[in-house]
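*Asks:* Sequence:
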Amino acid sequence: MQGCGNTFMKHLLFIFNFIIWIFGGAILGLAIWLRVDGNSLGVLVDESWYVASYIMMGIGGFIFLLSFLGCFGALRESPCLLGTYFACLLVVFISEIAGAIYAGVNRERIEAEVKTRLTIDINEKYNEKGFNAITQAVDYIQTNFKCCGVTSPDNWKDSKFAASVTAVTIYGPPVPDSCCVTPSRDCGIKTRATEQQYNATIYQQGCYPRMEQAIDQSLTIAIIILSTIAVLQVIGMTLAMALIVAIRRGNTV
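For my numbering, count along the sequence shown from 1 and bump the result up by 320.
There's no promise every hint is true.
[As the list claims (entries may be wrong)] Result set (SDA-like, lysine to any residue): computed pairs, CA atoms no more than 25 Å apart in a straight line:
#1 LYS510 with THR540
#2 LYS445 with LEU385
#3 LYS477 with PHE406
#4 LYS435 with THR511
#5 LYS510 with GLN533
#6 LYS449 with LEU350
#7 LYS466 with ALA418
#8 LYS449 with GLU428
#9 LYS480 with ASP459
#10 LYS510 with ALA534
#11 LYS480 with TYR460
#12 LYS466 with ASP478
#13 LYS466 with GLN533
#14 LYS435 with LEU350
#15 LYS477 with THR511
#16 LYS510 with VAL554
#17 LYS477 with ARG427
#18 LYS445 with PHE413
#19 LYS480 with GLU515
#20 LYS510 with ASN447
#21 LYS466 with VAL425
#22 LYS477 with CYS507
#23 LYS510 with ALA483
#24 LYS435 with SER415
#25 LYS480 with ASN519
#26 LYS445 with CYS500
#27 LYS449 with LEU401
#28 LYS480 with GLU428
#29 LYS466 with TRP353
#30 LYS466 with TYR491
#31 LYS466 with PHE413
#32 LYS477 with ALA520
#33 LYS480 with GLU433
[As the list claims (entries may be wrong)] What follows is a list of derived Cβ distance ranges for each label pair:
#34 PRO529 with LEU385: 52 to 62 Å
#35 TRP353 with GLU433: 19 to 29 Å
#36 SER398 with ILE342: 19 to 29 Å
#37 PRO529 with ILE339: 32 to 42 Å
#38 PRO503 with GLU433: 21 to 31 Å
#39 ALA407 with ASP536: 18 to 28 Å
#40 VAL551 with LEU385: 29 to 39 Å
Calculated from the structure, these hints are not laboratory results.
A virtual CB, placed ideally from N, CA and C, is assigned to each residue, including glycine.
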């Protein structure tokens, strides 16, 4: 191929694939972060949280590898490699659209599930025998999100945990140590004589609003990345098809 236009198109396709490679790595990294960092959150929701992260891992990893095929096919000017690249990119593009729709449709359901499960876990399962994973997950969330209860610390008032604590003179309900602004052993059930002391020593913000915000941020980032890379893929598919046509016409650089 000797046409300046075709040479430019070949190098442009290479550049676009390099950009797609970077975004593929970003999707893979975000999916791994959601799966690992969101592990405690996953205990409190159904399998949707894990399904979404695994889908993103698969798409990100496939894009990461597929970009190499596009670069190699462009440099070798191989219609076969470019055709395979185009077909695979089309499949990934459709999968990304499906993934974005899945995340958008399930956003509210996941958030509602978080609130329901967190309420049940706090009232009935926290610190109970056989529910160590849930106890650790609740503690992790309260500590890292700097929150207490579902919507406020008062949510602990009717819990089995509160009922199991030896009665003490405190303002507000007994709460786990993970609710304390400055955690220490039994800090959640120590004497608190006044409302001012209660507000100063126990997190007053509920966990559900914080978790809702975290889920929204994670899904929004994922959708933005998927949408951006989808646009790049459309351009990449267009360039790949144009390059295939040029090669088959017998043009030479």
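*Asks:* Mind listing which of the numbered hints don't hold for this structure, in increasing order?
*Replies:* Result: hints 1, 2, 3, 4, 5, 6, 7, 8, 10, 16, 17, 18, 21, 24, 27, 28, 31, 34, 39 and 40 break, sorted rising.
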